[in-house]
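Asker: Could you put the whole structure together from the sequences, leaning on the hints where they help?
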Amino acid sequence: MFRGAIVAAAILTLGSAASVAVHSSQAPAPPREVTAGSAGIPADTPLSPRNANYRIRARLDPEARTITGEEVITWRNVAAVPAATLQFHLYYNAWRNTRSTWMRERMLAGHTALAHRPAADWGWIDVTKMQLAGEEGADDLLSRARFIAPDDGNREDRTVLEVPLERPVQPGDTIEIAIGWTSRVPRTFARTGAIGHFFFIAQWFPKIGVLEDTGWNTHQFHAATEFFADFGVYDVQLDVPRGWVVGATGRELSRTDEGDRSVHRYYQADVHDFAWTTSPDYVERRARFEHPTLPAVDMRLLLQPEHAAQADRHFAATRAALRSYGEWFGAYPYGHVTIVDPAWQSGAGGMEYPTLFTAGTRWLAPRHATQPESVTIHEAGHQFWYGIVATNEVEHAWLDEGLNTYSTARVMEEAFYPQYYSKRYFGGFIPWVFRGFEQTREVDGNRMTAFRPVAKYDDQSTPTWRYWPASASAITYNKTALWLHTLERMLGWETLQRILSTYFQRYAFRHPKPEDFFAVANEVSGQDLTWFFDQVHRSSNVFDYAVDVLRSEPAVDRGHLGASEGYEVRGSTYRTTVVVRRLGEAQFPVDLLVRFENGEAQRWAWDGRDRWRAFETETPARAVSAEVDPERILVLDVNRTNNSVTLKPSGAAAARKWSLAWLIWVQDHLLTYGFFL
Amino acid sequence: MGAGAAFREGVRRVNGAPAVVAGMAAVTLLVALPLSLALRGMIQAHLGRSLAAETAAGTANYPWWQEFMSSAGGLAATLTSSITGFGAVLENLGGLLDNLPLATTIADVTAAWMVIWTFLSGGVIDRLARGRRTRAQGFFAACGVHFWRLLRLGMVAWLVYAFLFGRVHGWIFDEAYSRLTADLTVERTAFALRVAGYLLFASLLVVFALIFDYARIRIVVEDRRSALGAIAASLRFLRRHPGRVVRLSGLNGLALLVLLSLYAAFAPTVPRDGLALWIALAFGQGYIIGRHYLKLVGYASSAALFQATMAHASYTAAPVTVWPDSPAAERIVNAESVGLR
Numbered sequence: 001m002f003r004g005a006i007v008a009a010a011i012l013t014l015g016s017a018a019s020v021a022v023h024s025s026q027a028p029a030p031p032r033e034v035t036a037g038s039a040g041i042p043a044d045t046p047l048s049p050r051n052a053n054y055r056i057r058a059r060l061d062p063e064a065r066t067i068t069g070e071e072v073i074t075w076r077n078v079a080a081v082p083a084a085t086l087q088f089h090l091y092y093n094a095w096r097n098t099r100s101t102w103m104r105e106r107m108l109a110g111h112t113a114l115a116h117r118p119a120a121d122w123g124w125i126d127v128t129k130m131q132l133a134g135e136e137g138a139d140d141l142l143s144r145a146r147f148i149a150p151d152d153g154n155r156e157d158r159t160v161l162e163v164p165l166e167r168p169v170q171p172g173d174t175i176e177i178a179i180g181w182t183s184r185v186p187r188t189f190a191r192t193g194a195i196g197h198f199f200f201i202a203q204w205f206p207k208i209g210v211l212e213d214t215g216w217n218t219h220q221f222h223a224a225t226e227f228f229a230d231f232g233v234y235d236v237q238l239d240v241p242r243g244w245v246v247g248a249t250g251r252e253l254s255r256t257d258e259g260d261r262s263v264h265r266y267y268q269a270d271v272h273d274f275a276w277t278t279s280p281d282y283v284e285r286r287a288r289f290e291h292p293t294l295p296a297v298d299m300r301l302l303l304q305p306e307h308a309a310q311a312d313r314h315f316a317a318t319r320a321a322l323r324s325y326g327e328w329f330g331a332y333p334y335g336h337v338t339i340v341d342p343a344w345q346s347g348a349g350g351m352e353y354p355t356l357f358t359a360g361t362r363w364l365a366p367r368h369a370t371q372p373e374s375v376t377i378h379e380a381g382h383q384f385w386y387g388i389v390a391t392n393e394v395e396h397a398w399l400d401e402g403l404n405t406y407s408t409a410r411v412m413e414e415a416f417y418p419q420y421y422s423k424r425y426f427g428g429f430i431p432w433v434f435r436g437f438e439q440t441r442e443v444d445g446n447r448m449t450a451f452r453p454v455a456k457y458d459d460q461s462t463p464t465w466r467y468w469p470a471s472a473s474a475i476t477y478n479k480t481a482l483w484l485h486t487l488e489r490m491l492g493w494e495t496l497q498r499i500l501s502t503y504f505q506r507y508a509f510r511h512p513k514p515e516d517f518f519a520v521a522n523e524v525s526g527q528d529l530t531w532f533f534d535q536v537h538r539s540s541n542v543f544d545y546a547v548d549v550l551r552s553e554p555a556v557d558r559g560h561l562g563a564s565e566g567y568e569v570r571g572s573t574y575r576t577t578v579v580v581r582r583l584g585e586a587q588f589p590v591d592l593l594v595r596f597e598n599g600e601a602q603r604w605a606w607d608g609r610d611r612w613r614a615f616e617t618e619t620p621a622r623a624v625s626a627e628v629d630p631e632r633i634l635v636l637d638v639n640r641t642n643n644s645v646t647l648k649p650s651g652a653a654a655a656r657k658w659s660l661a662w663l664i665w666v667q668d669h670l671l672t673y674g675f676f677l
Numbered sequence: 001m002g003a004g005a006a007f008r009e010g011v012r013r014v015n016g017a018p019a020v021v022a023g024m025a026a027v028t029l030l031v032a033l034p035l036s037l038a039l040r041g042m043i044q045a046h047l048g049r050s051l052a053a054e055t056a057a058g059t060a061n062y063p064w065w066q067e068f069m070s071s072a073g074g075l076a077a078t079l080t081s082s083i084t085g086f087g088a089v090l091e092n093l094g095g096l097l098d099n100l101p102l103a104t105t106i107a108d109v110t111a112a113w114m115v116i117w118t119f120l121s122g123g124v125i126d127r128l129a130r131g132r133r134t135r136a137q138g139f140f141a142a143c144g145v146h147f148w149r150l151l152r153l154g155m156v157a158w159l160v161y162a163f164l165f166g167r168v169h170g171w172i173f174d175e176a177y178s179r180l181t182a183d184l185t186v187e188r189t190a191f192a193l194r195v196a197g198y199l200l201f202a203s204l205l206v207v208f209a210l211i212f213d214y215a216r217i218r219i220v221v222e223d224r225r226s227a228l229g230a231i232a233a234s235l236r237f238l239r240r241h242p243g244r245v246v247r248l249s250g251l252n253g254l255a256l257l258v259l260l261s262l263y264a265a266f267a268p269t270v271p272r273d274g275l276a277l278w279i280a281l282a283f284g285q286g287y288i289i290g291r292h293y294l295k296l297v298g299y300a301s302s303a304a305l306f307q308a309t310m311a312h313a314s315y316t317a318a319p320v321t322v323w324p325d326s327p328a329a330e331r332i333v334n335a336e337s338v339g340l341r
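The listed protein sequences correspond, in order, to chains A and B. Quick note: the first sequence, position 490, residue 490 per our numbering, numbers continuous. Quick note: the second sequence, position 272, residue 272 per our numbering, numbers continuous.
Derived by calculation from the structure, the hints in this document are not laboratory data. Hints may be right or wrong, so weigh each one.
List time: in silico SDA-like cross-link candidates among lysine to any residue, alpha-carbon distance up to 25 Å [unchecked claim]: (1) Lys648(A) / Trp278(B); (2) Lys648(A) / Val624(A); (3) Lys423(A) / Phe173(B); (4) Lys423(A) / Phe119(B); (5) Lys423(A) / Thr181(B); (6) Lys423(A) / Pro268(B).
Only a predicted model underlies this, so the values are computations on that prediction, with no experimental measurement involved.
Answerer: Encoded structure:
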């Protein structure tokens, strides 16, 4: 099955040997082993298992757009099973050609333009050396390496490399693997790459997979998913042109100038990835987050010069995230964070890495139009949901992206609302804010509009990498935010906040799974919420409740009613009938609220299971309106308009108003195109 | 006659023809109104008897709007939030300059409106060129006389504009702009290049618009039958008077800019209900009438500029004019009154 991959591996090995010869004069020296407390490294108490530790030295040649690197991985088997093989991610190979799984899935989702990128835009990574340190000397692993495709069997995919070991690594044992590689930095794909003198380098080094009790969890690189790795200590030396600003995961320990080059050494413990950026153009700003009960955080902002005036907005958004997430879920423990404002057209914006993230703004960014605040909060928030609670983003991306989208919307509402609909004109450069169109957390914060048309596309419990690529983000981000918001209104914020903070505290620096989250939710709420998670997570059903009938007429009974009553009994009350329907497949208990002309109201609870239910009441006053789910507990309801009926409708007035506003647009349109007459 | 005088003369002539301004605005309104009524039905059907209508009537109800758009197709899909207030202007101007595709219904209506306008423009230019009332009979007779000539001119113009939008726009923005900005990392620089592209493309549009404008005027004023001959005559005129033509078109452009600025400053994005709605609507229609007014000032001032430069206007003996003599003949009669003799 993998014969082609084996041949490819052999070719790779040969090619790599040549590549080593070519680059030997520039190859970085192998990294020295360092220990905490030495060489300026802070001595600290481990927060995480630290079982995948990296010492890396890499040299960037910006003109050739290549990275030459060497690393030593110190890996401890924390699983209950021995490791007979080792598996490594080589993410950069996703952009080697159009045959990779990543490219195939992107094209499947309609992004066919990617296939037409010029030759210089592609990227790849070639492993040139792989040795296992042993008592009898180094064991060359590279000759035995082969590419595997555990997810889809795609023989052309080179994003996972497997190496059989002569002797399995027993549980608890530690090994050291020395790896050399060269890579070509692509024009940005998946938010890593280069444009001009801007480099954002992520998923760039050979990275060991995660060994679980069931075996290796090393997925190929998929178009709709992100990453999964074990925690460790990263000690990284980055060799870049002198004068270039560097930002990276961790703190900078030292900077050594060597001729026209500088070596920046970064160190960070208890993280599961390392990303960095460099450019001669960055403007650097610093600020500090301080809070009465939370640890202080040094914020370093690397801005594009044309965005220098927006520094305060970036800091304000980051502060809002650190404060709210810290108060709601738990403290940010690292003490520092780097905010990167990516270059225009770099495609690197809006991505999270441990202690570093990319935001994203525009030269003209009016206030109250979500940018850059929303993306900054979201990516800063990922330091908690992803960075600290390190879920498997390939299998359960909703656990970090969804929780984070929900949290982002909550922070935005608290700190930055009102926000308005805005649109960009003239090639996307000129923004215009429509102040009458105020955004809401329910719809805009939770991204309901993008979710609605694809609501049925995937069952959320499907492993994320198997989602339909074009709608994966809506199922991952939007649906989770919508159902968490529903849960918040169902249980109350205090309860949900306790659920989230308990989950955060319990699984910080671990890899929780969906069942862990559900168990915490049940435990903290004191309820069995399985029925809810069955609806929202283990199903692709949609929620749609509607009021179908509202009738309120004088109560009259006719017919053979009995001798004492005669043929017709006309009372002094009004008989109100309401029919409520469940139009979607999903079920949720909802209330029905009927309001009457005298200001009174009646409320009924409905379990929401049947397809329809009729409610009838007799009251002294005529009904005015009926509304199902009046408090909008069910934020997931995809059609809110049909949730109510009134006997005094304003539809005609609204239609008149907006059709007349539209009329002016059409007239203006005719006159604009009348330029030609 | 200088550009300023021609502009003032254009304003004077349009001020003297309020019925033409009102009539043309009414035509635009009548073309757009059926679509507006159709859309009104769609909005009403979607809102039904929902309580959502109350907020949609009072304010904007953006959540409802998004729900409506998610199920909208065809005409309804054009009811984006960005068509409100000054957004309408940006939407249309941006759409034109970026060559964005039009919804089929809107494209059809635009084409129909252009044909109607082409028919009426013969009468409008005739009326404004004469600078006196021509009555309905005279107006529509001029429409009829010049329609097929103007339509032929319009077809030539369509070919030119189709080439400009179909090819030249792509060369400027899809090829040159894309190539120049492919590796740019500074948005401001890209914006400057985009503006340069717009200026180049808009200049081409203006140059051809001027050629066709003066061809249109010469067809009507000189009773020309040949569209190609009128284009050639227009080119001769532009070659002889480039400075005045450019200055006049600059003045017309400036007037439009002032009107757009006023609309941008005062147009409500979301009109309130009740009286406020009708005030907002009146303001919007005032803006639309202003656009018509300025368009007619453009016709009238261009006609005035052309008429002032007619060689025979200052020395030919004034004929006794009887309709349907051309406006050129009337111009000779009237030359004395405007100081050309």
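Asker: Hint by hint, note whether the structure agrees.
Answerer: These are the hints, each one checked on the structure:
| no. | hint | result |
| --- | --- | --- |
| 1 | Lys648(A) / Trp278(B) | holds (22 Å) |
| 2 | Lys648(A) / Val624(A) | holds (7 Å) |
| 3 | Lys423(A) / Phe173(B) | holds (20 Å) |
| 4 | Lys423(A) / Phe119(B) | violated (37 Å) |
| 5 | Lys423(A) / Thr181(B) | holds (22 Å) |
| 6 | Lys423(A) / Pro268(B) | holds (17 Å) |
The structure does not agree with numbered hint 4 stated previously, though it agrees with all others.
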